[in-house]
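Peer 1: Here are the chains, one letter per residue:
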Amino acid sequence: MTQEGWTRKDLVGIAALSPQEIQLILDTAESFKEVSERPIKKVPTLRGKTVVNLFFEASTRTRSSFEIAEKRLSADSLNFSTSTSSLSKGESLVDTALNLQAMAPDLLVIRHSHPGVPHMLAERLPSGVVNAGDGAHEHPTQALLDALTIVQHKGRLDGLKVSIVGDIEHSRVVRSNIHLLNKMGAEVTLAGPRTMMPIEVEKLGVNAVYTLEEAIKGADVIMMLRVQLERQSRMAFPSTREYFNLFGLTRDRLKGAKRGAMIMHPGPMNRGVEIASDVADGPHSVILEQVANGVAVRMAVLYLLAGALQEAE
Amino acid sequence: MSGELKLKKNVLSAQQMSRILRRMAGEILEHNGGVEGLTLVGIRTRGVPLAEALAAEIERSEGQKVPIGVLDITLYRDDLSVIAPQPVVKETRLPGPVEGQTLVLCDDVLYTGRTIRAALDALTDYGRPNAVQLAVLIDRGHRELPIQADFVGRKIASDRDELVEVRFVATDGEDKVMIMEPE
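As you go down the protein sequences, you meet chains A and W in turn. Under my numbering, the first residue of the first sequence is numbered 86, with each subsequent residue one higher. Under my numbering, the first residue of the second sequence is numbered 957, with each subsequent residue one higher.
Hints in this document: simulated from the structure, not taken from any laboratory. On a predicted model such as this, the values are computed, not experimentally measured, just so you know. Hints are supplied without guarantee of correctness; some may be wrong.
In silico EDC-like pairs for lysine to aspartate or glutamate, Cα to Cα no more than 16 angstroms straight-line [to be verified]:
| id | chain 1 | residue 1 | chain 2 | residue 2 |
| --- | --- | --- | --- | --- |
| 1 | A | Lys156 | W | Asp1081 |
| 2 | A | Lys127 | W | Glu1139 |
| 3 | W | Lys964 | W | Glu1139 |
| 4 | A | Lys239 | A | Glu374 |
| 5 | W | Lys1046 | A | Glu115 |
| 6 | A | Lys118 | W | Glu1047 |
| 7 | A | Lys126 | A | Glu152 |
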């Protein structure tokens, strides 16, 4: 039994995917979840395949998640990060990539602070390329794991109201989520301080509101974004305390939420900044399920891309 | 399989199939001395209705239910590097721990033996059952691996370019086995 759906060797972003392709990844990920629940959490599917994790930007969660996914599929994986690679010795990105290519990896998982880097590598290299986050552009596997988590709870994406709150302008998670949710028929509302909203935000095909109360009201899903404290030098808000007072999700504010609303966060969380501890650990929070689903989604993506590479050979 | 296929021969009718299933269920019970510690494991896709049919027969004669598991072997196939695009992965669901159990793998057709090889690998990843046995409705020959079934519905002769099509009431609306050949 084969499916005709998946022919891409790369996953650079959600923007280029069709709703059918998104659905196929979600269905495949759902099946892969079971592998992580076994006593022996490993299948031989990608035996003999080499995956290079190329992280030019700090990441613990995403990199570990990819690494676990690779190991559970029996692929051989290799990690490069900026601090240990020759990038810090002045080698250009293309040279690094060509050198890696000479070692013939089957798949590259790449994170970079510049948008478009995964795209460029995908075009130049015969290996499959997975974007693990490029600048403020896209982070496709995060949007897919968010979608998988929503579907597991709500049974669908179509017709759901999803509010995303926080630093919208600098978030690649938001961009990928907007593409995905719009394609799958959900209604997206963005909320945050004006200083963190992109100009002409409505052109993204979303609603924009500027208070947390409006974002919470009627939402089926409330996705809180991390306040990027390391970017606080740009003074988007006066203090973390003020941010918490205006945009922090607290139990009190949740009283205005729809019954059964889900609370999500892509992590890592700043407790007491964008989300109160009792909400993060509360009954509506699915934050740890998101992490578990991340592994399943990444296994599904690696599996599908590996198949498309075979076809290209 | 390329091109259209046409019917070459009807192998089993609904009535013949029902007799065979009853006999196979009896053999499984006789061989294992009852249903104690027994689990039927259907290999997706057509092994699942076979496992269900055998379980129904066993329940009819013993008055006891046999647990049924579903095994998806996609991730264990040895031809993933030759076929493309990737086959759809479905879930594996076993009714409980396999330790101490006698598992009867069920599949509709035994052919090259490669599916069974993959299924054995998959089962190993769930633990160490007491024993694994194999029940197939049709054995069509042409083995490529040293694998044989413990319980066989019907042995038939077939050519490699033919297709043995097994239909079950539960999934296809009728019980029937046919040999299809290229036009």
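Peer 1: If a hint holds in the structure, say so; if it does not, say that too.
Peer 2: Structure-based check of all given hints:
A distance of roughly 15 angstroms separates the Cα atoms of lysine 156(A) and aspartate 1081(W); the hinted pair therefore holds under the 16 angstroms criterion. Distance hint between lysine 127(A) and glutamate 1139(W) is unfulfilled; the C-alpha atoms sit about 43 angstroms from each other, more than 16 angstroms. At most 16 angstroms may separate the alpha-carbon atoms for a hinted pair to count; lysine 964(W) and glutamate 1139(W) meet this at roughly 10 angstroms. Between the alpha carbons of lysine 239(A) and glutamate 374(A) the distance comes to roughly 14 angstroms, so the proposed pair stays at or under 16 angstroms and holds.
Restraint check for lysine 1046(W) and glutamate 115(A): the C-alpha separation of about 8 angstroms stays at or below 16 angstroms, so the hint holds. For the proposed pair lysine 118(A) and glutamate 1047(W), the alpha carbon gap of about 8 angstroms is at most 16 angstroms, so the pair holds. Between lysine 126(A) and glutamate 152(A), the direct Cα distance comes to roughly 13 angstroms. Compliance with the 16 angstroms bound is thereby established for this hinted pair.
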